[in-house]
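Trainee: Chains as they are written, first to last, in my numbering: chain A, 1 to 252; chain B, 1 to 252; chain C, 1 to 252; chain D, 1 to 252; chain E, 1 to 252; chain F, 1 to 252; chain G, 1 to 252; chain H, 1 to 252.
Read the hints as simulated data drawn from the structure, not as lab findings.
Quantities reported herein were computed from a predicted structural model and do not represent experimental measurements.
You may find that some hints are simply not true.
To be verified - Capping the alpha-carbon separation at 20 angstroms, the derived lysine to aspartate or glutamate pairs in DMTMM-like fashion look like this:
hint: 1; chain 1: D; residue 1: 70; chain 2: D; residue 2: 97
hint: 2; chain 1: A; residue 1: 70; chain 2: D; residue 2: 153
hint: 3; chain 1: D; residue 1: 8; chain 2: H; residue 2: 12
hint: 4; chain 1: D; residue 1: 118; chain 2: D; residue 2: 167
Number of protein chains: 8
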Amino acid sequence: MDREKIKKLLEDVKTGKIDIDEALRTLRAFPYADLGFAKIDTHRDLRKGFPEVIFCKGKTLEQIAKIVEKCSSQNAFVMATKADREVYEAIKKVNKDAVYHETAGIILIGQRSGAIGKKSILIVSAGTADLPIAEEAAVTAEAMGNVVKRLYDVGVAGLHRLFDSKEELFNANIIIVIAGMEGALASVIAGLVDKPVVAVPTSVGYGASFDGLAALLTMLNCCAPGVAVVNIDNGFGAGYLAGIINQMGEEK
Amino acid sequence: MDREKIKKLLEDVKTGKIDIDEALRTLRAFPYADLGFAKIDTHRDLRKGFPEVIFCKGKTLEQIAKIVEKCSSQNAFVMATKADREVYEAIKKVNKDAVYHETAGIILIGQRSGAIGKKSILIVSAGTADLPIAEEAAVTAEAMGNVVKRLYDVGVAGLHRLFDSKEELFNANIIIVIAGMEGALASVIAGLVDKPVVAVPTSVGYGASFDGLAALLTMLNCCAPGVAVVNIDNGFGAGYLAGIINQMGEEK
Amino acid sequence: MDREKIKKLLEDVKTGKIDIDEALRTLRAFPYADLGFAKIDTHRDLRKGFPEVIFCKGKTLEQIAKIVEKCSSQNAFVMATKADREVYEAIKKVNKDAVYHETAGIILIGQRSGAIGKKSILIVSAGTADLPIAEEAAVTAEAMGNVVKRLYDVGVAGLHRLFDSKEELFNANIIIVIAGMEGALASVIAGLVDKPVVAVPTSVGYGASFDGLAALLTMLNCCAPGVAVVNIDNGFGAGYLAGIINQMGEEK
Amino acid sequence: MDREKIKKLLEDVKTGKIDIDEALRTLRAFPYADLGFAKIDTHRDLRKGFPEVIFCKGKTLEQIAKIVEKCSSQNAFVMATKADREVYEAIKKVNKDAVYHETAGIILIGQRSGAIGKKSILIVSAGTADLPIAEEAAVTAEAMGNVVKRLYDVGVAGLHRLFDSKEELFNANIIIVIAGMEGALASVIAGLVDKPVVAVPTSVGYGASFDGLAALLTMLNCCAPGVAVVNIDNGFGAGYLAGIINQMGEEK
Amino acid sequence: MDREKIKKLLEDVKTGKIDIDEALRTLRAFPYADLGFAKIDTHRDLRKGFPEVIFCKGKTLEQIAKIVEKCSSQNAFVMATKADREVYEAIKKVNKDAVYHETAGIILIGQRSGAIGKKSILIVSAGTADLPIAEEAAVTAEAMGNVVKRLYDVGVAGLHRLFDSKEELFNANIIIVIAGMEGALASVIAGLVDKPVVAVPTSVGYGASFDGLAALLTMLNCCAPGVAVVNIDNGFGAGYLAGIINQMGEEK
Amino acid sequence: MDREKIKKLLEDVKTGKIDIDEALRTLRAFPYADLGFAKIDTHRDLRKGFPEVIFCKGKTLEQIAKIVEKCSSQNAFVMATKADREVYEAIKKVNKDAVYHETAGIILIGQRSGAIGKKSILIVSAGTADLPIAEEAAVTAEAMGNVVKRLYDVGVAGLHRLFDSKEELFNANIIIVIAGMEGALASVIAGLVDKPVVAVPTSVGYGASFDGLAALLTMLNCCAPGVAVVNIDNGFGAGYLAGIINQMGEEK
Amino acid sequence: MDREKIKKLLEDVKTGKIDIDEALRTLRAFPYADLGFAKIDTHRDLRKGFPEVIFCKGKTLEQIAKIVEKCSSQNAFVMATKADREVYEAIKKVNKDAVYHETAGIILIGQRSGAIGKKSILIVSAGTADLPIAEEAAVTAEAMGNVVKRLYDVGVAGLHRLFDSKEELFNANIIIVIAGMEGALASVIAGLVDKPVVAVPTSVGYGASFDGLAALLTMLNCCAPGVAVVNIDNGFGAGYLAGIINQMGEEK
Amino acid sequence: MDREKIKKLLEDVKTGKIDIDEALRTLRAFPYADLGFAKIDTHRDLRKGFPEVIFCKGKTLEQIAKIVEKCSSQNAFVMATKADREVYEAIKKVNKDAVYHETAGIILIGQRSGAIGKKSILIVSAGTADLPIAEEAAVTAEAMGNVVKRLYDVGVAGLHRLFDSKEELFNANIIIVIAGMEGALASVIAGLVDKPVVAVPTSVGYGASFDGLAALLTMLNCCAPGVAVVNIDNGFGAGYLAGIINQMGEEK
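The whole structure should be built from the sequences, with the hints applied where relevant.
Mentor: As structure tokens, this is what we get:
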């Protein structure tokens with residue numbers, strides 16, 4: 001298609017429809033267009049209804065409010081992560097449609113499109129304190145139109161709780177494992193299933209957990225293959241990654 | 001199926017075909033069967049032709065030879081990773097069909113089944129020194145029946161080499177990015193494509209690369225979503241993970 | 001016992017007392033029962049009166065209150081660790097029997113059973129600032145029914161304080177050593193006694209103590225054998241570990 | 001010149017213009033003068049109007065106020081970095097000419113001299129949260145008399161935003177890249193331009209960004225040559241370094 | 001007993017049996033005797049037949065040979081750890097009774113006493129490469145007179161191998177878990193049993209295993225209570241610790 | 001002296017002046033007396049007037065108050081370090097003679113003895129923010145009776161400030177160098193003088209100073225010999241160490 | 001110029017000199033040309049005579065030989081870094097003009113162009129063991145056409161050696177400081193001069209130098225402004241960076 | 001004295017004894033002379049017979065041989081550290097008087113002056129593997145003219161060995177403690193004596209000793225005051241530091 005556009009341009013130059021200077025200007029903007037970054041990005045948003053994501057941490061309330069204001073004027077959906085209640089209130093002022101998923105720390109503006117396909121993502125968390133990250137992953141994947149199931153508080157200290165739910169494990173198309181402390185849950189699950197496992201270390205723990213480092217290393221060294229690791233506490237990243245994997249092979 | 005087997009067992013008990021003690025013995029081995037670990041493992045191997053994987057590092061030549069001998073008597077395919085030439089020669093003695101992929105450090109025994117589906121995995125590596133890990137990923141994914149394409153030596157120091165191949169980037173179903181030093185290639189590619197990116201940090205580099213730590217942290221902190229990270233130098237893990245993701249939605 | 005239950009089930013199937021579908025349903029719940037996780041857990045609690053342990057850090061007050069409410073409705077004893085006064089007040093509202101061990105940061109609900117056996121655990125701490133962790137270990141071990149003796153503030157900067165109490169060291173069945181800063185106390189005591197030493201590094205210190213890392217490494221590298229290390233500030237873990245070791249060989 | 005001064009002194013001694021004791025006093029101050037520390041420092045300030053820089057972090061408000069008071073009595077310009085509003089108010093009391101650049105955390109007293117030369121420093125930042133450090137660099141370089149251009153929020157997650165501004169990249173005499181998280185922006189830009197790149201890792205991020213360590217390592221391992229790295233969050237250092245490089249070859 | 005010895009000495013002084021100077025000399029050697037270091041050490045060796053342990057790493061062959069020569073002249077048993085074949089040959093020259101446990105890297109001289117009690121230590125290892133450390137623990141515990149059972153190669157990547165042996169897990173008095181890579185095996189086992197678990201991280205692995213650091217942190221952060229951690233690759237320490245715990249409550 | 005005491009005791013036993021049981025009781029307390037811990041400690045305090053030191057960090061106000069109350073009832077001098085104003089007020093209540101050195105964070109009770117000898121300790125600090133640690137060292141050394149001179153704010157960014165005071169450097173008997181950030185000041189001074197240099201890294205700095213780690217490593221790797229390093233921010237330790245070195249060879 | 005080329009192409013299309021398909025082919029290679037990657041790279045090499053740089057570490061001898069062969073067929077100059085004698089011999093076989101700078105570990109093929117301008121780069125190294133990195137920087141900068149002066153073995157342990165050469169310090173246009181161990185030399189020099197200082201930490205040292213980490217942190221925390229840091233042992237990077245800075249404002 | 005020299009020079013200028021150019025030349029060399037670096041260094045060597053120290057690690061045999069050749073032509077004594085036998089043989093060729101202290105890794109050329117004073121340095125090492133570092137300290141201190149006593153293999157695993165030698169501990173003027181693994185020996189000794197303790201962590205150990213990091217942190221966090229820490233394995237630094245402290249107050 002882009003090839004056609006350039007061919008047309010060259011023909012227009014040849015026939016004198018546009019003069020050389022104008023052609024030059026058009027070609028000046030061409031490289032990244034040809035690379036398709038911006039346009040594809042824009043198209044994808046319009047087509048899938050997937051929200052621009054605003055990472056709130058480190059931004060002032062004023063900055064967030066302005067960004068949301070601009071985004072929501074251009075997009076049907078806006079999504080903000082790592083948002084506390086204060087952020088929510090600032091956003092609420094510029095857009096009263098903002099919905100706050102408090103545990104997940106996510107703010108959504110606009111209607112989410114319906115679920116795509118029937119395959120589900122299972123989110124498994126080790127402990128109650130991992131809930132915020134688990135919900136961040138869940139809300140993200142749902143916002144992308146995925147069917148999400150939750151299996152919380154099934155840490156390795158009592159594996160039977162996990163095995164009680166083995167049907168859910170085997171039925172999932174992809175599994176997100178959220179665990180802090182020693183993070184061994186990812187290894188155990190990856191040893192049981194043949195689906196991709198997205199492992200999210202959390203900063204839950206104390207002492208030699210070193211704010212999630214222990215769980216991160218555990219997950220990276222997982223001896224069962226099929227495990228993808230994301231950053232500590234990166235529920236959004238896990239939800240997004242699982243989301244695009246889950247939708248592979250689905251009609252959109 | 002497993003349900004059927006147990007039903008049959010119970011019927012046999014009822015009809016007196018087998019006595020209670022024998023049923024008890026059978027049921028004693030049941031839990032893990034019900035969990036489906038071993039069997040599924042075995043079935044998957046026979047069905048997909050996917051090799052048992054022997055991690056050679058840290059094992060003696062004698063141990064490796066014995067494991068290969070046993071594996072190859074039971075499986076159509078055997079796969080050994082992180083194998084140097086010495087390992088290959090030890091294996092060659094117990095199984096003359098062993099084929100050595102030297103750059104990948106992988107030994108394969110047995111015929112691989114044909115490719116499953118048409119979707120391809122693209123393996124992108126940053127530098128020539130990353131080749132062994134890139135090939136480890138490539139040979140692994142191919143051994144699983146995936147179509148693999150290679151795009152090597154396109155590090156961020158000369159992004160035009162990467163952009164020359166943007167069609168290949170956009171056509172791939174999933175991309176494995178192999179990079180040492182600062183590992184920025186994963187971020188750049190994840191910013192361009194909407195497919196999952198499996199990022200493999202390598203220990204290539206010196207000084208503050210700290211044997212791959214720098215690339216690992218870069219990849220974990222990737223601000224573009226859709227990136228799955230595996231352990232440093234874990235070409236096998238990346239190939240396997242990309243392989244199972246690539247086959248999602250494919251008829252097998 | 002579990003074997004008997006299954007035998008009975010099979011006999012019931014044989015004699016037609018229960019039909020095959022019902023047997024199938026019963027067996028479906030069997031694997032983890034056979035593995036003995038949940039049941040044994042439950043039995044152990046009822047039998048020993050040892051409390052379910054709730055790790056409070058990272059949980060909201062609402063979550064803690066709900067968990068305590070549910071636990072105390074099912075168990076004679078409930079134990080919560082790393083609990084500050086705010087947590088205590090939240091628990092107090094749902095269960096007025098809650099007793100707060102403030103220095104230990106532990107909340108107990110219900111009567112503890114009497115001490116099992118006469119062998120004692122000696123808890124030795126290096127400094128006054130280690131007290132909270134020492135008490136966490138002490139209260140935990142006592143809650144399990146152990147005889148606990150305390151020997152506080154005997155750091156290596158004044159070894160004579162320790163040697164004054166050498167009788168207590170030699171009489172203990174097992175010793176828990178609590179120390180921050182350089183953590184050398186564990187090495188010194190392990191060099192003196194032939195009993196197991198459970199070493200707990202604490203985050204007490206500053207500068208190059210790196211929040212307990214220095215003490216942790218010291219204890220792991222202890223050249224005197226017989227030392228078991230637990231996580232930094234993990235008084236509960238040390239108390240629990242020493243508790244089960246102390247009760248080995250005791251009639252319960 | 002200094003040689004001339006001493007020669008003159010010796011001649012004055014010879015001719016008796018000054019007596020030996022006076023010469024001795026003068027020479028007593030000579031070593032560092034000959035080394036050129038103090039004088040050159042003083043001269044450079046008077047000549048260039050470049051402010052003495054007060055690093056506010058870790059100093060009490062009283063100390064800062066006293067230092068500013070003394071500095072502003074001796075210098076036409078005073079500059080204080082890492083200053084919050086509280087610091088500004090303390091300084092305002094001792095010198096009402098103090099101007100506060102709030103985002104940059106910089107306080108300036110006195111008139112800055114006009115821009116030196118026409119070559120410009122381009123400051124590129126990856127995200128909105130990097131703004132304070134970017135502005136710290138910008139205000140510093142401007143205070144030194146440099147022409148500064150800003151190109152903010154062009155992180156690698158959307159490279160097209162960067163490529164839209166490639167003219168600005170190519171026209172800059174030197175580029176400061178400010179990035180947290182994975183810090184890959186420095187590598188990408190250094191791969192595009194042949195000008196020096198001053199890379200500033202920021203502590204923006206979470207989890208395995210380890211307060212800027214990830215970005216720091218990325219930048220240090222940059223495989224594209226021409227990158228100079230400064231400390232995490234050291235906007236001032238980057239602005240100063242770029243400032244003196246930018247003025248090389250300029251008439252002053 | 002020591003009290004009696006001193007009482008006797010004092011009586012001898014009173015009755016003039018020994019003069020004051022001689023008593024003084026005797027008392028000069030008293031403090032540590034009273035502290036019971038050396039003597040108890042010696043007595044314990046004679047009584048239990050437990051060998052003096054020589055840590056071979058970092059010592060020259062000459063030093064080791066001399067130490068062994070002296071030890072074996074005074075003790076019925078000598079034990080040397082971390083010994084390669086070269087060390088064995090050097091020891092063999094000074095004592096031809098030396099027996100080499102090659103996988104364990106342990107050399108024993110002299111007859112071991114028979115097993116004490118019937119309770120057994122179970123040693124569980126995750127992979128084949130962990131064998132040397134597992135054997136170091138096993139040979140150590142056996143040398144102390146413990147009954148040792150081995151359960152090797154049951155890593156979490158295939159949990160069914162572990163569950164096949166759950167009877168052995170439940171029957172053991174104490175369990176040593178040896179694991180490298182992510183070290184999750186300790187967590188899984190500690191979640192299953194109510195006996196003490198001694199966890200030994202090994203340096204087996206690569207990349208982000210950081211020579212055993214990943215496994216060490218995993219084990220320290222184990223969320224199931226009852227886990228004691230020793231140094232990376234410290235098979236001897238684990239064997240010794242489990243040995244003394246196992247013998248608690250046994251008649252010796 | 002201690003020898004004499006025991007001799008006397010034995011003579012008293014021989015002559016029947018004291019009976020055997022009493023002698024036994026006396027000897028029971030003997031080991032550490034013979035080792036000289038407690039008594040020597042006590043004697044040293046009385047003789048030198050050097051205060052017992054209470055490390056306040058991590059202790060509750062109640063604990064500190066009680067310790068101070070007990071110490072000041074037994075000692076002429078009491079010293080408390082890392083004490084903030086809140087601590088001071090708590091101490092003031094139990095002992096109104098308490099004097100607060102606010103910058104140093106030290107509280108002293110009682111009169112210090114006069115200076116011992118004439119040799120002086122020079123305390124050199126790199127920046128204004130290092131003042132609290134420098135003063136902690138200074139007040140400590142003075143409390144021990146040393147002559148202390150101060151040379152503050154002479155960091156390596158302007159070495160002429162240091163060289164202006166080279167006489168003071170050469171005249172000092174021992175030098176304490178206090179520096180954060182890169183901590184290079186210790187290397188520079190150790191390269192100039194032939195006296196011992198006690199180097200104190202401080203946590204002053206940001207980013208890659210990693211709370212004093214950078215300065216600590218710099219000082220440990222100092223290529224000029226004669227440098228002793230203490231913990232990060234350990235002004236007390238440096239003052240004490242320099243104090244006992246300074247008094248070597250002095251008549252006390 | 002590139003603008004001109006495209007304008008010319010468009011005019012040729014207009015006038016029919018080249019047909020549309022040919023123009024399309026030419027434009028297909030255009031994006032990165034417009035971005036200036038490949039072409040500018042090529043042009044710069046031809047114009048400046050600056051060699052393509054091959055990083056040898058981690059590449060096989062065969063790979064290096066092939067890369068050199070291809071490079072030297074296309075470029076007048078080829079440069080290979082981190083090359084040992086074995087690499088040199090492999091290169092020598094494919095190109096007999098290869099010249100080996102052994103200390104620098106650099107191989108150059110082809111004539112270097114003459115020096116550009118008169119401003120010089122001064123390379124200062126702390127110790128003899130830093131020589132390889134210093135020479136790597138020196139040979140690199142010279143290969144780019146810079147005048148390089150060397151000032152070796154002037155570490156901070158004997159600052160007078162440095163001050164003896166202060167004229168050279170003041171005369172240099174830019175200074176590269178090479179230092180291992182504590183790396184304080186960069187701070188000292190940056191405190192003396194007002195020119196940019198490129199600091200290269202080296203892995204020279206032992207113990208807590210942690211393979212260059214100590215020197216790296218020192219240099220990053222340098223309190224004197226104007227310091228640019230590169231990777232540990234990155235002599236090439238420093239030489240290149242200093243080279244492009246040195247040529248700023250020069251007529252080329 | 002230096003003042004006098006300059007006064008004399010000025011008088012000579014005044015009286016015309018020397019002309020201005022000559023005075024200028026003399027003054028040119030003055031700054032560092034006035035700072036006393038070079039001269040004092042030279043004088044100290046001649047006066048004390050203390051050897052120039054050559055750190056051999058990282059230098060080529062050729063470099064070492066040349067440095068030794070030059071040093072030994074100018075100094076009565078030459079000292080080289082971290083020297084293996086190969087280095088010794090290279091030095092032997094250029095100076096046949098070289099004496100090799102093999103365990104210490106030190107080479108000495110020339111006669112050492114007799115011991116200064118009678119106060120002794122006690123060197124205490126924890127284990128046999130620490131011997132090389134202990135001897136490096138011992139030989140260094142002896143080469144400086146100190147009386148050195150050795151107390152080896154008295155690690156904390158058997159404290160009675162240490163207490164047997166308490167007289168030696170109390171009699172020493174200063175104590176050097178050499179320990180690897182957990183390094184607790186320094187804490188224990190510093191708790192016993194009131195003399196300065198120079199603590200040397202060694203890289204002896206394995207696993208979580210992290211090449212001496214564990215011992216280093218232990219020693220830095222020592223809760224007993226009076227401990228000076230030097231770099232890991234820095235026997236020379238400890239010997240030198242203890243040497244100059246030991247000679248304080250001695251007539252030389």
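Trainee: All hints are to be evaluated individually against the structure, with a verdict given for each.
Mentor: Evaluated hints:
1. D:70 <-> D:97: holds, 14 angstroms
2. A:70 <-> D:153: The hint holds at about 15 angstroms.
3. D:8 <-> H:12: holds, 16 angstroms
4. D:118 <-> D:167: holds, 16 angstroms
Of the numbered hints stated above, none is contradicted by the structure.
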